[in-house]
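Using the hints provided, position chain B relative to the given structure of chain A.
Protein chains in written order, with this note's numbering: chain A, 2 to 114; chain B, 217 to 333.
These aren't lab readings, by the way, just hints derived from the structure by calculation. Warning: the hint list may mix true and false statements.
Unchecked claim - Derived lysine-lysine pairs resembling DSBU-like cross-links, with alpha carbons at most 30 Å apart:
1. A/Lys42 to B/Lys328
2. A/Lys42 to B/Lys232
3. A/Lys58 to A/Lys107
4. A/Lys10 to A/Lys42
Said to hold, decoys possible - Stretch by stretch, here's where chain A covers chain B in the computed footprint (C-beta under 8 Å, at least three residues):
5. 238-246
6. 268-282
7. 286-294
Only a predicted model underlies this, so the values are computations on that prediction, with no experimental measurement involved. We put the beta carbon where it would ideally sit given N, CA and C, even for glycine.
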Amino acid sequence: GGIITQTPKFLIGQEGQKLTLKCQQNFNHDTMYWYRQDSGKGLRLIYYSITENDLQKGDLSEGYDASREKKSSFSLTVTSAQKNEMAVFLCASSIGTVNTEVFFGKGTRLTVV
Amino acid sequence: AQKVTQTQTSISVVEKTTVTMDCVYETRDSSYFLFWYKQTASGEIVFLIRQDSYKKENATVGHYSLNFQKPKSSIGLIITATQIEDSAVYFCAMREGRGYNQGKLIFGQGTKLSIKP
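With the rest of the complex left out, here is chain B:
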């Protein structure tokens, strides 16, 4: 069955430091896609970054990067040089690539990130 788990409920770090948020997933599909989204205080949800299961290289977009550890079914989000405006709730999500569940996008429980000055 498809499942995404984020065990960190909340994290607080000082501005300009690096933070890592954890996410583990379960799937029977050999092809899948992992996403990270950010929900701001206003409720808006925006896409940040994606990792395709068949790619060995970790994805990087701006100051976001991923730590993809396929044998551990783990996809961590790393934010470097954090800023106050990075304070938000971060969601990990997964879509399977084929089969009966193709298109089904499920989310983890979210991690609330607070950046302190």
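Same shape as in the complex, but just chain A:
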């Protein structure tokens, strides 16, 4: 089995601040994702990466940057935190790009003050 570790678990930032969320997986999966979940809402795709050195924009990429530093790690940067961005950010990974399930981390809860 493997695990997806997201750090930090809680992140408090100032409005306008640049903030970075990190994700590490030891599944040896090729594909990694970042999703945002607002309270009581669904998961919206921010960025994904189907292999090391690949980066694809999701439907919610504006205001975010991402980096796939190596196969096991995928970082997300909030370029300028806004008060309406308080949400849980979820990292996920899968071994392939089509019919394989994704596994999720426990999330980073972002609060902007």
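Then chain B, alone, in the frame of chain A:
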């Protein structure tokens, strides 16, 4: 464009009954994969079941099964003999099989299921 829609915001049923949750999707790809995930109260998200677009048979795993109606672009999740611990939020998701969006996994808005004793 790729889209997944769950119109049922919440459902409440009595324990041991059968419940169906709806999901419709949009895609231009002839090959795609449909998934259902469950998010528990603790926030943990787990995979439940998958349907491949080229398969006519409905997928079944334990007390979860799917009602795949390809002409209607619909993939319903059926839970039989519901238990209290099935109370959770259920998400439908889709991945296209090839082309520019290969690997892109998008989710519906979720349906909150409450099981009453």
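Checklist entry - Going back to the hint list, which numbers does this structure go against? => result 5, 6, 7
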